[in-house]
Amino acid sequence: MHGPAQAGTPAQQSARPTGERIAELYERVLRVGDVRQDDDFFVLGGTSLSAIELLDTITDELGVRVPVGDFYRATGVAELADVVDARVAERAGGV
Amino acid sequence: MLLSTPPFAPVSFRDADLLDSAYYASGDPHALWAHLRENSPAHRCDPGDGREPFWVLTRYDDVHRVLRDHPTFSSRRGTMLCIIDLSMPDIASDDMMPDTDPPRHRQLREPLNRALTPRAVAGQEGSIRAQVRRLLQPALDGSVFDVAQAALMFPMAFTGTLMGLPSEHWPRMAELTTMTVAYDDPDYSTGSPTATVRQAHHELFDFFRTEVTRRPRTDPGTDLIGILRSMDLDEDPLSERQLMLNCYALLLGANVTTPHAVCTMVSMMGEQPEQFAKVRDNPELRERCVQEVLRWASPASHFMRYAVRDVELHGRLIRAGEPVSVWLGSANRDERVFTDPFRFDVTRHPNRHVAFGVGPHYCIGAGLATLALRILLDELLDLVEAVEPAGEVAHLASNFVAGYKRMPMRLLPRPGCRTDRAEAGR
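If you read the protein sequences in the order shown, they are chains U and E.
So the first sequence is residues 274 to 368, counted in my numbering.
So the second sequence is residues 23 to 448, counted in my numbering.
Please keep in mind that the hints were generated in silico from the structure rather than gathered at the bench.
Just so it is clear, the structure is predicted and the values come from calculations on it, not from any experiment.
Cβ coordinates follow ideal geometry from the N, Cα and C atoms, glycine included.
Treat each hint with caution, since some may be false.
[Unchecked claim] Part of the chain U face toward chain E, derived, beta carbon under 8 Å:
#	residue
1	T320
2	S321
3	L322
4	A324
5	V339
6	P340
7	V341
8	Y345
9	R346
Chain E on its own, in the form it takes in the complex (with noise of 0.2 Å):
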């Protein structure tokens, strides 16, 4: 997805558009964003051909309010758009962590999130190290690189590690977790919307269920999987099923998301390389900076809700059963609560965006995510001097993430800087 900056065209769009895949691809979705929260805060999205309407919420504020409120706003019949845009069920309420409500929520929640916290996850750091210099060094000789294919395997390789699955299976998982959010892009699709989202279902399920069944109950290690395989939910341990759904959201949410922070960190490099300058310079910046790739980057674009009972909302009823989408592209680029939001400022501080979400629901692997980011940020101006783009970049058809498919770039090393260091990390 674009990530563009005012003075935005005036805006046309059809109501269509909010689950169009390819508006995202080719068409201007801030744009589009900024002109809902001024005009339309409450916008009653009707798709006009027999897919449910519903509900677009634009403002910081109220994505704030709909995530925390889930007595109000429920996460029980799914919380992605792509539910309406496929009119297809969701089929792991209640059994899938993302698809549950307090305190259910919790029981999934608290045992995975023990071995998630930042402190969990710092012992990771070598091995997210050698990963991100693997993923850079190909770039370093001063060839053309396209850092949105090598940030694909990014965070499969981290992820795939703390849950234990074999690497000679992570290209194919890679390449199935982002068939799952872009089923409308050609270069994913393999033919029917609903078929490549089914069809990549299938496939991961089939995975994990290999996965599963590798860890006996009474010794499951102590990967992610061993985890969910060892934990209780309502007294009983997890069916087959219910693991297969939780193995499946982890992968999700690391695959689909991270690779365009990745992309935006390396781009933004390149296009304002004095912000970068300083944060080398300046090396207590470089937490902020993070921080602000991630605001930037918003790769979740939205979540969704149902809501519970009737609400009113900006003078308009939301009725209770009604779905609610919130977006966090969107929130992240609020005037109301960012100084001006769309300049990127390495020194942003405070800097309260919502890219990892909010409430119960806040992103699990917020802590490892950060610490990859970082340990990136740290290489990149350890070894890169420049980035220079090299060639068209192409935008990801996804109504879900705002993300990159082609980004070719050149990297040029920093004088001084020994490629074989890279090398040494391997």
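Here chain U stands alone, though its shape is the one from the complex (with noise of 0.2 Å):
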């Protein structure tokens, strides 16, 4: 990592770690501010229908497709940014 994380161009955003994108998209959809790595989306005021909105917008921004069912057993900013993870490593391991 070089320097603090910052919103910034589309190439210096995806340099960033997982967990504060999805914080930043916690943040957006729930309309509320200073997510942290260890909140719960439904404690900040999530919903069956925000979550609908919370994964496509992790579609559109981080290019990965969370399965419904690894959304609710990781729905923690930190936990999610794993799952992420691990989908993006996986698409780069070529399965």
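Given two chains presented individually in distinct reference frames, assemble the corresponding complex, making use of the accompanying hints.
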């Protein structure tokens, strides 16, 4: 990592750790601020309807389709980031 | 849920049992309801663990009154105890038909109702008969047949057809609707109860969003989703969210209830064959038999309302804002209204049961369900001579639905009945 993470150009964004990007997407979808790595989507006020929006946004912005069942086993920011990273790695591995 | 009959063992219960899904799988709710009707007709139930206390009304007259008196008992904050059980606020207030009060309720209901009147659904008879034959066909070779599992797909098929849902999704959708009411049942739970409910909602809403998108507002078609797409609420089209919620309400209403009336019909045919012989010989009893199956099964156990103002009932004070649950299965066994209520009687008349509810939220699919059950009865009487239990019955763990998970039965074909007839219906 180089320097503090900030929203910037797409290239800079994709260099930021997944957890930070997920936190930012939680903030955007739930319209809340200061989401931390140990925050849970539903404790922050998420619903099954806003979860649909979240998974759509993750697909659009991170290029990863998170299966619904995987999401409901990992609704915390850091946990969900692990799921996303695993999907990316899986894809990079040619699976 | 066990459909038990007296004499009942003395009842011991904790208030938390009324929320506990497991109680409905292995306990004896009819014994408890009989006790409450007699001893505590307005029972304040306090789970005792921080979850919201709620009222439990078990007598027929009180159930009737609460469901009709919508200015006093509102549907806007949700209508099922899962809200209290899981401490999950209702997200559909004022947007989903069951969670609205008149006059807003009427705006959502009327356009759908026109497509679901008994006269309108009569046109479905041929397609429902084909579904009934498809349901019974695997049973007619005399092998062990799980009525409960087969019945899950029955309402899905005719409701899926009316809604215009692609049939390749029906099995998953039927499973998801069951998850929403059996979130504590190990066969349906995906982990925690709340995660199970949320995942089921999420997947169903996703399906419905696709279906809504497929139907442009300019040319929505005539199926039920098309009707939702073309109607107005306060002079605006329904939002995507409102569309998803109301599709969900329609499918849930059909899917989680009807299968258990099907199971009850088949199991009562096994338990009391002489009654069904009487129905076979007297076709004029068929409508009454269907109504008695509905009373006996009472698949939706309760509905919930919130008191809008203070109300006194049986000497107790229900305060404004408190949740009030009314128990349909109990009302349908109320000794004050039904003669010999624990006797299954295909000749029962009058039979003013409340299995479909009562008042403005009376089940919008009642005409369709009654027709489907009537066709099922006709076909059973036509094709099946006798029904024999073939294994242990398992009950669904749900505080909302009085249901079955497994009901292994052997259906013995009638002599001279050609099972290929069922094949011809495919």
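For each hint, the structure was consulted:
1. A distance limit of 8 Å between C-beta atoms decides the matter here; for T320(U) the minimum to chain E is near 5 Å, and the interface restraint holds.
2. Checking S321(U) against chain E: minimum C-beta separation of about 4 Å stays under 8 Å; hint holds.
3. Taken as an interface hint, L322(U) checks out: its beta carbon lies about 6 Å from the nearest beta carbon of chain E, inside 8 Å.
4. At its closest, the beta carbon of A324(U) sits 5 Å from a beta carbon of chain E; the interface hint therefore holds under the 8 Å criterion.
5. Hint status for V339(U) relative to chain E: violated, with the closest Cβ pair at about 11 Å, above 8 Å.
6. The interface hint given for P340(U) is violated, since its Cβ lies 10 Å from the closest Cβ of chain E, which is over the 8 Å cut-off.
7. With its C-beta approaching chain E no nearer than about 5 Å, V341(U) sits inside the 8 Å limit, and its interface hint holds.
8. With a least beta-carbon distance of about 4 Å to chain E, the hint placing Y345(U) at the interface is held under the 8 Å criterion.
9. At its closest, the beta carbon of R346(U) sits 6 Å from a beta carbon of chain E; the interface hint therefore holds under the 8 Å criterion.
Figure legend: structure checked against the earlier numbered hints; hints not met, in rising order: 5, 6.
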